[in-house]
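**Q** Chains as they are written, first to last, in the numbering used here: chain A, 1 to 333; chain B, 1 to 313.
If you are wondering where the hints come from, they were derived from the structure by calculation, not from laboratory data. Just so you know, even glycine gets a beta-carbon here, dropped at the ideal spot from N, CA and C. Be aware that a few hints might be false.
What the hints assert, rightly or not - Output of the computed footprint for chain B on chain A, the stretches with three or more beta carbons under 8 Å from beta carbons of chain B:
| id | region |
| --- | --- |
| 1 | 58 to 65 |
| 2 | 79 to 92 |
| 3 | 97 to 104 |
| 4 | 119 to 130 |
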Amino acid sequence: MTGTETVLAIEDLTVDLPLSGGGRFRALDRVNLQVRRGEILGLVGESGSGKSMLSLAVLGLTGIAGERITGRIALLGEDVLGLSPSAWRRLRGSAVGMVFQDPMTGLNPVRSIGSLLVESVRRHQRLDRATSKTVALDALRSVGIPSPEARMKAYPHQLSGGLRQRVMIALALINRPSVIIADEPTTALDATIQAQILDLLRARLADRAGGILITHDLGVAAEVCQRLAVIYQGTIVEQGQTAEVLAWPYHPYTQGLLDAAPRFDRPRGRLVPIPGQPPQPGDRREGCPFRSRCAHADEACAALPVLAEVAPDHLARCWHPLRAATSPFEDAV
Amino acid sequence: MNRLKAIGRILGRRLGELLILLFAITTLLFFLLRLSGDPAAVLAGEQAAPEQVAAIRALYGLDAPLPVQYFRHLRNVLFLDFGQSLHAGRPAIDMVTERLGSTLMLGLFALTLTAVLAIPIGAWLGARPDARSRRVGNAAIFILQGLPGYIVGLLLIELLAVQFRLLPSIGNRGALSWVLPTLTLASFLVPKLARVVAANVTEAMREDFIRTARANGATTAEAVLRHALPNALLGATALISTQFAFLLSGAVITEWIFAWPGFGQLLIQSLQRLDFPVVQAAVFVTAGLVFAVNAGTDVLFRLIDPRLRNQRA
Ligand SMILES: Nc1ncnc2c1ncn2[C@@H]1O[C@H](COP(=O)(O)OP(=O)(O)O)[C@@H](O)[C@H]1O
Ligand SMILES: [Mg+2]
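Based on the provided sequences and hints, a complete structural model is requested.
**A** See the structure below:
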């Protein structure tokens, strides 16, 4: 919306993991996503749907023995899957920054906040120690941490959960990456702190970067994300403008998420599970992944539907969408 | 400062524990040694007439009732007076402290060598938990750990002192004679420490904060050295502390093998000669030392682990 430059383009990203009993499990199946500068894309889905896998794949940190990753991940136009490990490593923290879910375990307990920030600055920018310290102080200030000078010397355990998450965000932002991925950044926090952290992320991201906000909370997505992608069992099932997807969902799974959310205009809305169990890794997976739990499923669903444009800039992957497509062109994308 | 206060508290508590320990040890040793032999008889020698033994008994106050002797002994120990060596006729405590320096020096060299070898080996092994080199390293450590240290010492003597005549194997005659005892003593400790460091590094590498470091562009080496290792070393510090008593006993064996004029050699000789005052002084000093080291590591812990710094002792 804001910008036109695509900072992150994911094309046909597929991640196959080996199963302990032999065979393979497809954690991500031909995922296509674009993030433009200044935009926050929401990625929602139940736990186990592959959201964290997607973020780790973009960073090149999946690190699972025997994994097979195919497709294209373009960071600022550069295909990272084709890069050497060290070239990709240099992009971590500088081109793409990551905010993890749990700020309690995500910060090294024996390293001071300042030393973590300075280490990251000096790794990516040729700066002397004094200048790096100034940069670190600025970073702490920019994420709204009071008395940053004192916090530089603090250790993670001395800070509250909210402050630690701010430190995590400062760490992710300190080298001004163009892409930020936040994986359930507020799940571990109190409701009041959640709102503050979301405001902060929105403000920092609108600045100059683009980002993916991973959440299983539709309320959070509605509040922060311009666009929304709904993922089910490693497959994107619906995607479009957030307001539109939430107001006129086409996919039964999206509708199920909405029905399960208490009230999505409240940020604390938690998902009550949709009836049925998601398939387990190793289950036979053919056709629409949602069909075992879907009230509308029939023989047609034995084949995987294409992700089709059901309305302008609104895609859904369903043989029996909940409403008639408004687009004259039902192109596969 | 908060930190100093916490450290003061720990030291105070430790000092109390130390006093109780020293009292218990002094009492135990006094009665154990009295049960095991008659000091007057040892002093007088095997051919002594009963009158001579009686005279000696009177001279050293050994004719008083046992409780009286015990309280006299306690009072003397308070002033670090363990009596004269029955063998050398000099104050027992002096003989112990004279020997202490060279043993502590040996221990310090061995510990330093151990840290220099074991920390990199442990970090390297711990950072590659699945690789084949790790399995080979683990097997080597397992075998080394199973070898009694004195075997390593004897092998070193055979190889370096007897076969190739590179190094002196007996006594303390100049800088080179430190080499073999230090190597032997370190060979007790390197496998233990390396194993603990490796296990701790492996564990730390699975932590979320390592993923954070990597997400910020850390290389594997940086993740290991700057993020996992500092955490791993905290556990290793605890090990060094608990192994100090072991180090001293290792020193006793090592000194015996190398005829090293240290504290351990003195202890064994005094036991063989039934030289009670020296044994008492040596055990007393050992207990004090082990305790001092444990308390020292406790304090060190507070200094290096930020989570413990402000914790109440
Ligand atoms: N290290 C791993 N090894 C094997 N399977 C994994 C691993 N991490 C995640 N998975 C599997 O990948 C799928 C997606 O997991 P994840 O991305 O963590 O889900 P989400 O973040 O959406 O809750 C799950 O089925 C999970 O079991
Ligand atoms: Mg997750």
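**Q** Does each hint hold? Answer for all of them.
**A** To see whether the hints hold, each was checked on the structure:
1. 58 to 65: Three-residue rule met by the region 58 to 65 of chain A, so holds; n is 3.
2. 79 to 92: n = 5 at 8 Å, threshold three: holds.
3. 97 to 104: holds (count 4)
4. 119 to 130: holds (count 4)
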